[in-house]
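Input sequences plus hints: build the corresponding full structure.
Listed here are the chains, written in short residue letters.
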Amino acid sequence: MTQESQAIQHEAAHPTPGTYFKIAMVLSILTAIEVGIFYLEFLSYGIIPILVLLSGAKFILVCMYYMHLKFDDRIFSTMFVAGLITAAGVTLALMTLFSFFA
Amino acid sequence: MAQATADHGEHEATTTGLNHRKMLMWAFLGSDCMFFGSLIATYLVYKGRSLEGPLPIDVFSIPTTSVSTFVLLMSSMSMVLAYSALRRNRMKTFRVWLASTAIMGMTFLAFQVFEFRVFANHEVVVDCHAPIGELSIVELSVRNDKTVGCEATGHDEVEKQVGLTPKTNLFGSTFFTLTGFHGAHVTLGVIWLLTMFFLSFKKGMVTPERNLDLDLAALYWHFVDIVWIIIFTVVYLFGVFPGFA
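Chains as they are written, first to last, in the numbering used here: chain A, 1 to 102; chain B, 1001 to 1245.
Do not take every clue at face value.
Chain B is faced by these chain A residues, among others (derived, beta-carbon under 8 Å) [claimed, not checked]:
| # | residue |
| --- | --- |
| 1 | A24 |
| 2 | F42 |
| 3 | I47 |
| 4 | L51 |
| 5 | K58 |
| 6 | D73 |
| 7 | F80 |
Rather than coming from a laboratory, the hints here were simulated on the basis of the structure.
Every residue gets a Cβ at the ideal spot worked out from N, C-alpha and C, and that includes glycine.
Written as structure tokens, this is what we have:
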């Protein structure tokens, strides 16, 4: 495959402005849901996993589509996810050391 | 290999086949994850350990922060639209979206400055007839204050300015450090975007063939956005949630 045809294929793989707009709408709706469920007192501690899931979904959407990880080389994803896993590990380790979960 | 290089119009030979600058940006973003991870961890570890107020529940305004979060999310959309316009060689559209992104970034910063000012000038009003069990730590301290408290003044209602600054308590220190560093990242991003905006008027500086320059700025901007997604949930929403205090 020539460089030109690869470039065309890559161009086609990039989302269209319409897709970017739809993703922005999904992100807005997810944020609205987050704020909305925050005021539902009957959820009690159930709010924690819901908020984690919703913010996780927003995080993934931005990474995959806006940062183009879905379409770029996997090495970029690996480098980013490695940092992310280390950060999560450090966070959990510190929280455990300081008896956050006790 | 050719995919990344051809895509950005740069035909350099690298061992991985990927553009060095883009690789460096992702390495930086990975390391910045660890930086913010440490700050978030510190905030969580010290959460609920402040000996005196104000606490998150006293100062946070979820509706206000929701609006600033929405502004930052929308700036991410305008950023990708600017990138998309540049790739299609639509320079006017590109400049409109890029300027919009920078303006939304500045709006977010304005919200942050406003919020910090409100926190620093936080005023507590206490009804002296309210049951003690219903008062928060900071309200209780104002109620019992030796100079402006209920007994000292004999009033039905007392008030005192109890501002939140980095020196006030553990919550103030960790909160301002975390959000302050995020704000510094946003400020840097705005400067970067404005630089690209003004450079785009110089011939040959910002072109579809050199879209990698904008791609790198966009990656940084989206990263700042995803960090805020986490901060908004962990610091603000969980911060005000009573069971998580």
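Tested hints:
1. A24: Because about 4 Å separates A:A24 from the closest Cβ in chain B, which is inside the 8 Å limit, the hint holds.
2. F42: violated, 13 Å
3. I47: It holds, given that the least Cβ distance between A:I47 and chain B is near 6 Å, below 8 Å.
4. L51: Cβ of A:L51 sits 5 Å from chain B, so the hint holds.
5. K58: Check passed: Cβ of A:K58 comes within 5 Å of chain B, closer than 8 Å.
6. D73: holds, 6 Å
7. F80: Nearest chain B Cβ about 5 Å off; hint holds.
The structure fails hint 2 only (numbered hints given earlier).
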